[in-house]
Amino acid sequence: MSKPIQAINRYKADLREMSFLLFEQFRLGELLGRGPFENWGEDEVRASLAECYRWAREVIGPLTASADATGCKLEAGGVKTPQGFKDAWTKLYEAGWKGIAVHPEYGGAGAPHVLQILVEEILSGANTAFTMYSGLTHGAAEVIEAFGTPEQKKFYCQPMYNGKWAGTMCLTEPHAGTDVGSNRTSAKKNADGTWSIQGTKIFISGGDQDLSENIIHLVLARVEGAPPGTKGLTLFIVPKTRVSADGAIQEPNDVSVGAIEHKMGINGSATCVLNYGENGKCIGEPVGGDSKLNQGMAQMFRMMNGARIMVGVQGLAVGSAAFLNALEYAKDRKQGSSIANFKDATAPRVPIIEHADIRRMLLDMKARVEGIRALAIKLCHHQDSLRSLGAGDDQKIAYHQGQVDLLVPLVKSYGSDQAFRVCELAIQTYGGAGYTRDYPVEQYCRDSKIFSIYEGTNHIQAMDLVSRKLSQAGGANFQSFIGDISKFVAENSAHPVLGASVKSLGSAHEALGGAAMKLLTWFHTGQVSMVPLNANRFLDMMAEVTVAWLLLDGARIAHEKLAKLDAAQPDHAFYSGKIQAALYYARNVLPGVDDKARLMLEEDRSPLDIEDAAFATV
Amino acid sequence: MKILVPIKRVADPDNANKLKISSDAKVDTTGLEWKPNPFDEYAVETALRLTENGANTKARVGEVVVVMFGPKEAESTLRAALATGADRAIRIDANDADLDGDVVAQGLKAIVDKEKPDLVLLGKQTVDSDSNQVAQLVAEYLGWPQATFAATIRSEGDKALHVGREVDGGTLHLKVTLPAVVSVDLRIVAPKSVRSAHTAEGHAYPDGVRFAALMAIMAAKKKPLVEEKLSDLVPGATRKIEYTSFALPPARAAGIKVKSVQELVQKLKAEAKVL
Ligand SMILES: Cc1cc2nc3c(=O)[nH]c(=O)nc-3n(C[C@H](O)[C@H](O)[C@H](O)COP(=O)(O)OP(=O)(O)OC[C@H]3O[C@@H](n4cnc5c(N)ncnc54)[C@H](O)[C@@H]3O)c2cc1C
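So the sequences go chain by chain: H and F. Per numbering that gives the first Met the number 0, the very first residue in the first sequence carries number 0; after that it's consecutive. Per numbering that gives the first Met the number 0, the very first residue in the second sequence carries number 0; after that it's consecutive.
Take the hints with a grain of salt, since some may be wrong.
[What the hints assert, rightly or not] Pairs of lysine-lysine, DSBU-like flavour, derived with a Cα cap of 35 Å:
1) F/Lys258 <-> H/Lys333
2) H/Lys342 <-> F/Lys228
3) H/Lys11 <-> F/Lys174
4) H/Lys560 <-> F/Lys258
5) H/Lys2 <-> H/Lys262
6) H/Lys85 <-> H/Lys153
7) H/Lys90 <-> H/Lys187
8) H/Lys79 <-> F/Lys222
9) F/Lys113 <-> H/Lys85
10) F/Lys19 <-> F/Lys258
11) F/Lys115 <-> H/Lys153
12) H/Lys342 <-> F/Lys222
13) F/Lys17 <-> H/Lys395
14) F/Lys221 <-> H/Lys333
15) F/Lys256 <-> H/Lys560
16) H/Lys280 <-> H/Lys187
17) H/Lys330 <-> F/Lys19
18) F/Lys57 <-> F/Lys19
19) F/Lys228 <-> H/Lys153
20) F/Lys191 <-> H/Lys2
21) F/Lys191 <-> H/Lys79
22) H/Lys152 <-> F/Lys222
23) F/Lys115 <-> F/Lys174
24) H/Lys188 <-> H/Lys230
25) H/Lys563 <-> F/Lys19
26) F/Lys221 <-> H/Lys90
27) H/Lys560 <-> H/Lys517
28) H/Lys563 <-> F/Lys34
29) F/Lys17 <-> H/Lys333
30) F/Lys19 <-> F/Lys228
31) F/Lys258 <-> F/Lys113
32) F/Lys256 <-> H/Lys163
33) F/Lys19 <-> H/Lys163
[Said to hold, decoys possible] Label pairs and their computed distance ranges (CB to CB):
34) F/His202 <-> H/Ala397: 56 to 64 Å
35) H/Glu41 <-> F/Thr176: 52 to 60 Å
36) H/His102 <-> F/Thr170: 36 to 44 Å
37) F/Asn131 <-> H/Asn38: 47 to 55 Å
38) F/Gln105 <-> H/Arg53: 41 to 49 Å
39) F/Ala250 <-> H/Glu41: 31 to 39 Å
40) F/Gln105 <-> H/Gly246: 37 to 45 Å
Keep in mind that the hints were calculated from the coordinates and are not lab data. C-beta: ideal position from N, C-alpha, C; glycine also.
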């Protein structure tokens with residue numbers, strides 16, 4: 000008989016670390032209490048995090064393993080989500096966590112993004128699959144808020160922000176995954192002014208469910224006669240069930256679920272094949288009205304920043320949960336004796352946290368997790384600074400917007416790639432127990448793999464970075480970024496504890512600048528295929544430089560605080576942990592940046608030169 | 000019904016930052032993460048349940064006033080109670096070092112004289128010092144009836160409460176006329192433990208203490224919170240209990256393997272002295 004899956008919460012978060020980032024490293028206090036965050040003070044921020052954490056652990060955390068085991072079911076043409084999800088959905092919107100950064104006009108609390116992403120981290124970490132449904136809903140509502148007609152905003156936003164209705168993003172088709180421009184779903188204008196939608200979408204997260212009264216699909220489709228490629232795509236609002244002008248639910252809108260996928264992870268999240276207009280009765284309206292035809296990709300692009308940040312935060316969430324669980328296990332599991340007693344067979348057994356290799360893995364996970372978190376907060380802090388600036392400060396606006404654009408692919412890719420690696424290390428830390436379903440880390444590992452694939456694969460992110468973002472504003476954004484790091488290096492390279500690491504950062508960021516030049520040369524000398532070959536590598540280099548910078552900056556603050564505390568005081572361990580994590584990353588990860596830069600200069604072409612037939616003989 | 004609920008913050012036992020003992024054998028609280036004393040959270044939950052009908056947790060029949068003795072930075076604990084539904088808060092400015100159960104009880108008496116609640120509802124004890132004294136002392140100072148360790152409470156209008164106390168081998172039922180002092184135990188937050196005069200028979204709450212919604216957290220800062228001075232309430236208050244020194248419990252020594260049952264029995268007798 001197999002063991003029953005227990006409905007217990009395994010999620011944990013380190014709220015002390017979160018408050019360190021918000022209030023000590025990024026000085027959120029300076030933005031609070033004035034426009035547009037006049038309702039927010041430090042107390043509200045702390046109280047929200049604490050209460051959201053309690054909520055997540057008690058309400059959705061206990062559903063994580065059971066939802067993974069049962070998955071979603073397609074019954075009588077509709078998706079049945081795992082047990083407990085419906086009730087949790089109601090409670091989520093009662094508690095209001097999804098509304099934390101929503102504009103007060105739509106009933107939200109208008110919080111800073113830095114807080115919003117920590118709330119998202121907590122929700123996604125406690126139950127990734129469950130949180131997908133509300134995440135997509137939020138993203139779809141934001142698209143309508145940004146680009147909808149006044150009537151569309153009024154009609155759709157509030158019910159989507161308050162969970163009465165859900166939302167989806169429908170881009171992918173069987174032959175159009177990364178290549179969104181090959182979309183074939185069609186839209187045809189009817190005599191009564193409505194549009195008929197016809198086509199098949201696949202891999203649609205939350206494409207159907209039994210949580211909300213209705214689902215508002217945002218569907219990329221091609222209007223009859225529109226140009227081919229991405230330029231001819233329009234984004235349509237397509238409700239699952241039609242709604243009358245006064246908001247009453249009416250007849251089905253000819254959207255059917257063809258199938259749901261059987262997946263490696265996030266099994267509680269229904270990934271659907273959706274058929275639109277099989278009976279010619281599916282109607283929709285373009286986002287922004289008929290004057291906004293063929294602008295679907297532009298609209299999607301503007302909104303993609305938010306969605307991509309959230310995927311990076313999903314990685315952060317799961318990676319952090321995996322690390323903290325592995326840490327708990329390592330303190331508890333006794334195996335072997337201390338290496339100092341290696342000759343004595345009767346030496347006492349020690350918790351595995353005393354073994355050097357376990358300590359290495361734990362510190363590696365800590366540094367990566369805290370590094371991704373700092374990276375995500377850095378990005379969102381730029382967004383919040385942007386919102387705090389009045390009109391007129393054009394230079395600062397351009398600076399913050401430029402940094403946001405530059406950092407988005409790093410948060411998405413590095414956050415998701417590292418999450419999977421952290422989960423893998425967490426399993427290794429556990430040993431055999433980690434491979435079983437008695438512990439949560441194997442599920443974390445399976446759940447986290449998708450993050451590097453959806454919302455644009457990580458290679459697409461890397462190409463976005465090297466072919467668009469680096470050269471944006473004539474390269475000024477990248478130069479400001481390098482400039483910020485140079486300043487930090489100049490100010491801190493004589494630091495008594497961190498100095499040597501700061502100098503490594505100096506060398507690494509120069510290597511990064513050199514690598515950027517190399518990419519440019521390839522572009523201009525007809526060696527374009529060298530660019531995608533090195534794009535992911537370059538993204539990693541830039542992310543590692545950024546993470547090292549932010550960890551060292553955190554360590555600098557921790558070092559200052561530590562000087563004022565005596566060793567018996569509780570925060571002593573916290574601050575010294577910040578310093579050790581930064582030193583570890585700077586000494587063990589950062590040198591790889593110089594190595595990778597050297598590899599780029601060596602211009603290895605073997606993956607390009609090898610013939611297809613030479614990969615294998617089968 | 001008007002209910003006064005005293006609350007205290009305690010060091011979060013789940014946080015890695017543990018209480019430390021300084022070199023002069025005093026408790027060192029710097030850098031600790033704080034949370035409300037769990038029994039006090041149960042008391043707030045109980046007070047909310049006694050002043051609503053269960054179906055609508057937003058409309059209050061009566062008033063819940065939370066009160067705390069502590070420094071300014073402890074106000075967030077009061078705000079947290081306001082966010083879950085309490086109506087207003089009073090903070091009596093004091094340092095932990097100046098307080099003991101008796102000073103708190105005297106201070107509470109002074110607050111009760113001003114506020115004239117029908118009920119003072121407290122957690123049975125705090126999880127830091129575990130003294131379990133304040134409810135009994137304040138009842139004595141007020142000359143009010145008391146019921147301690149309540150596991151169930153049913154209210155009969157504003158006149159009396161039926162209190163169930165778990166005792167060895169069963170439940171002891173008391174009827175206390177108001178005004179009164181009641182302290183609550185763990186089981187008071189079970190789904191059907193508390194029924195106000197307005198709650199439908201058989202109504203079941205979710206188990207445990209309710210969550211504060213985000214909007215309620217935001218609204219809590221607009222609820223009234225007034226500050227009082229301990230010296231105004233209890234002129235010349237002095238502690239009756241002096242803490243001379245603190246020490247952490249000794250770390251657990253490593254276990255040993257015994258060779259035989261005889262040896263085990265012998266050690267249990269001679270060393271552990273449990274047989
Ligand atoms: C669980 C799950 C949930 C999803 N949810 C949604 C959703 O809600 N809405 C939605 O619209 N889609 C969703 N997707 C689809 C997802 O966004 C796509 O899977 C993703 O965009 C990749 O497309 P593809 O799977 O067709 O892979 P392909 O595009 O076939 O790519 C295969 C590989 O080739 C690479 N590649 C492709 N094109 C290029 C190129 N031009 N240059 C270099 N390399 C290239 C890719 O990086 C990848 O490694 C979901 C997918 C999954 C698995």
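Each hint tested on the structure:
1. F/Lys258 <-> H/Lys333: holds, 22 Å
2. H/Lys342 <-> F/Lys228: violated, 65 Å
3. H/Lys11 <-> F/Lys174: Distance ~43 Å between lysine 11 of chain H and lysine 174 of chain F Cα, so the pair is violated.
4. H/Lys560 <-> F/Lys258: violated, 52 Å
5. H/Lys2 <-> H/Lys262: Holds: lysine 2 of chain H and lysine 262 of chain H sit about 22 Å apart, inside 35 Å.
6. H/Lys85 <-> H/Lys153: Judged against 35 Å, a Cα distance of about 26 Å means the pair holds.
7. H/Lys90 <-> H/Lys187: It is violated: about 40 Å lies between the C-alpha atoms, which goes past 35 Å.
8. H/Lys79 <-> F/Lys222: violated, 42 Å
9. F/Lys113 <-> H/Lys85: This hinted pair is violated, its Cα atoms lying about 47 Å apart.
10. F/Lys19 <-> F/Lys258: violated, 39 Å
11. F/Lys115 <-> H/Lys153: With a Cα-Cα distance of about 49 Å, the restraint between lysine 115 of chain F and lysine 153 of chain H is violated, given a limit of 35 Å.
12. H/Lys342 <-> F/Lys222: Since the Cα atoms of lysine 342 of chain H and lysine 222 of chain F sit roughly 67 Å apart, the hinted pair is violated (cutoff 35 Å).
13. F/Lys17 <-> H/Lys395: violated, 43 Å
14. F/Lys221 <-> H/Lys333: violated, 52 Å
15. F/Lys256 <-> H/Lys560: violated, 45 Å
16. H/Lys280 <-> H/Lys187: Satisfied, since the Cα-Cα distance of roughly 12 Å is no more than 35 Å.
17. H/Lys330 <-> F/Lys19: With Cα atoms ~21 Å apart, lysine 330 of chain H and lysine 19 of chain F stay inside 35 Å; holds.
18. F/Lys57 <-> F/Lys19: violated, 41 Å
19. F/Lys228 <-> H/Lys153: violated, 51 Å
20. F/Lys191 <-> H/Lys2: holds, 32 Å
21. F/Lys191 <-> H/Lys79: holds, 31 Å
22. H/Lys152 <-> F/Lys222: holds, 33 Å
23. F/Lys115 <-> F/Lys174: With a Cα-Cα distance of about 21 Å, the restraint between lysine 115 of chain F and lysine 174 of chain F holds, given a limit of 35 Å.
24. H/Lys188 <-> H/Lys230: Judged against 35 Å, a Cα distance of about 19 Å means the pair holds.
25. H/Lys563 <-> F/Lys19: At roughly 16 Å apart (the allowed maximum being 35 Å), lysine 19 of chain F and lysine 563 of chain H satisfy the hint.
26. F/Lys221 <-> H/Lys90: Holds, at about 24 Å.
27. H/Lys560 <-> H/Lys517: violated, 41 Å
28. H/Lys563 <-> F/Lys34: It holds: about 25 Å lies between the C-alpha atoms, which stays within 35 Å.
29. F/Lys17 <-> H/Lys333: holds, 23 Å
30. F/Lys19 <-> F/Lys228: holds, 29 Å
31. F/Lys258 <-> F/Lys113: violated, 68 Å
32. F/Lys256 <-> H/Lys163: violated, 62 Å
33. F/Lys19 <-> H/Lys163: violated, 49 Å
34. F/His202 <-> H/Ala397: 56 to 64 Å: Check passed, 58 Å falls within 56 to 64 Å.
35. H/Glu41 <-> F/Thr176: 52 to 60 Å: Since the Cβ atoms of glutamate 41 of chain H and threonine 176 of chain F sit about 45 Å apart, the hinted range of 52 to 60 Å is violated.
36. H/His102 <-> F/Thr170: 36 to 44 Å: violated, 52 Å
37. F/Asn131 <-> H/Asn38: 47 to 55 Å: Cβ of asparagine 131 of chain F to Cβ of asparagine 38 of chain H: about 40 Å, so the range 47 to 55 Å is violated.
38. F/Gln105 <-> H/Arg53: 41 to 49 Å: Cβ of glutamine 105 of chain F to Cβ of arginine 53 of chain H: about 34 Å, so the range 41 to 49 Å is violated.
39. F/Ala250 <-> H/Glu41: 31 to 39 Å: holds, 37 Å
40. F/Gln105 <-> H/Gly246: 37 to 45 Å: For glutamine 105 of chain F and glycine 246 of chain H the Cβ distance comes to about 59 Å; the hint is violated.
Comparing the model with each earlier hint shows violations of hints 2, 3, 4, 7, 8, 9, 10, 11, 12, 13, 14, 15, 18, 19, 27, 31, 32, 33, 35, 36, 37, 38 and 40; every other hint is respected.
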